[in-house]
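**Q** Make the full structure from the sequences, and use the hints.
Per our numbering, the sequence shown starts with residue 242, numbered consecutively.
Read the hints as simulated data drawn from the structure, not as lab findings.
Beta carbons: idealized from backbone N, C-alpha and C, even for Gly.
No false leads were mixed into what you were given.
Distance ranges between label pairs, derived from CB positions: (1) 266 to 455: 28 to 34 Å; (2) 293 to 375: 34 to 40 Å; (3) 455 to 265: 20 to 26 Å; (4) 258 to 467: 32 to 38 Å; (5) 375 to 462: 29 to 35 Å.
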Amino acid sequence: MFGHGDFGRLTATVNGTWLSRIEFQALANSKRFGLAGLYFAGNGFPWHRANFSLYYDGPPDTWMQGLDAGAVVHWIGQYNDDNITLTASVPPFSGPKPQTPRTDPLTGNDSIRARKIAAWTTLDLILNYTFNLPRLAPPAPVPGFAKDGDKNIRMKDGKEKNVVPVSTAEYNPCGWRAWLNNTTISLGTQNVLDEDPPFAAGSFENGYDESLATIKGRFWYVQVKKKF
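**A** This is how it looks when you write it as structure tokens:
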């Protein structure tokens with residue numbers, strides 16, 4: 242990189258979705274209602290969602306080759322709160338249903354608008370290190386072993402001797418090196434800035450949209466993974 246050696250690799254990604262249409266139909270012969278951009282029946286259907294990520298991988302053939310670090314930004318766009326909860330339901334015995342456009346079902350007043358559920362942005366960080374320890378010594382033939390192993394060969398004294406294949410004479414790391422080799426240690430944080438989920442008036446149970454958000458706040462974790 243820039244003529245000064247390999248400093249590793251940066252990878253940036255952007256993933257986004259736009260919800261064009263989603264419809265709800267209570268009965269086979271009933272009218273369909275659009276739910277795009279609406280919080281309804283405990284589920285949020287925002288128009289826009291996106292994830293932005295940036296990852297760094299250490300340069301190969303150095304002690305940093307096992308290093309991986311990354312940051313991910315999760316973004317959920319603004320959408321409408323539950324209109325039924327805020328403007329009551331349709332006349333008695335006909336059951337509640339979403340209003341499109343946002344119209345008071347009792348008076349027909351179309352100037353009423355459901356409140357907005359604010360956009361929500363969170364940041365996650367992760368740091369990984371994978372131990373790739375070098376071999377203690379390269380495989381090499383040793384006395385009593387040969388490439389044509391498992392065959393009888395004639396020795397200097399004229400006697401024949403059966404030798405073991407050289408492949409079985411390779412030595413692998415043992416002890417703490419064997420356990421540490423191919424081991425990945427991860428340290429991560431979810432919701433680094435400890436952002437509270439936006440208030441949803443239509444959610445009587447907890448006051449936020451459980452289908453898209455969480456109230457656990459900042460969360461730290463450690464993970465150890467070993468490959469054998």
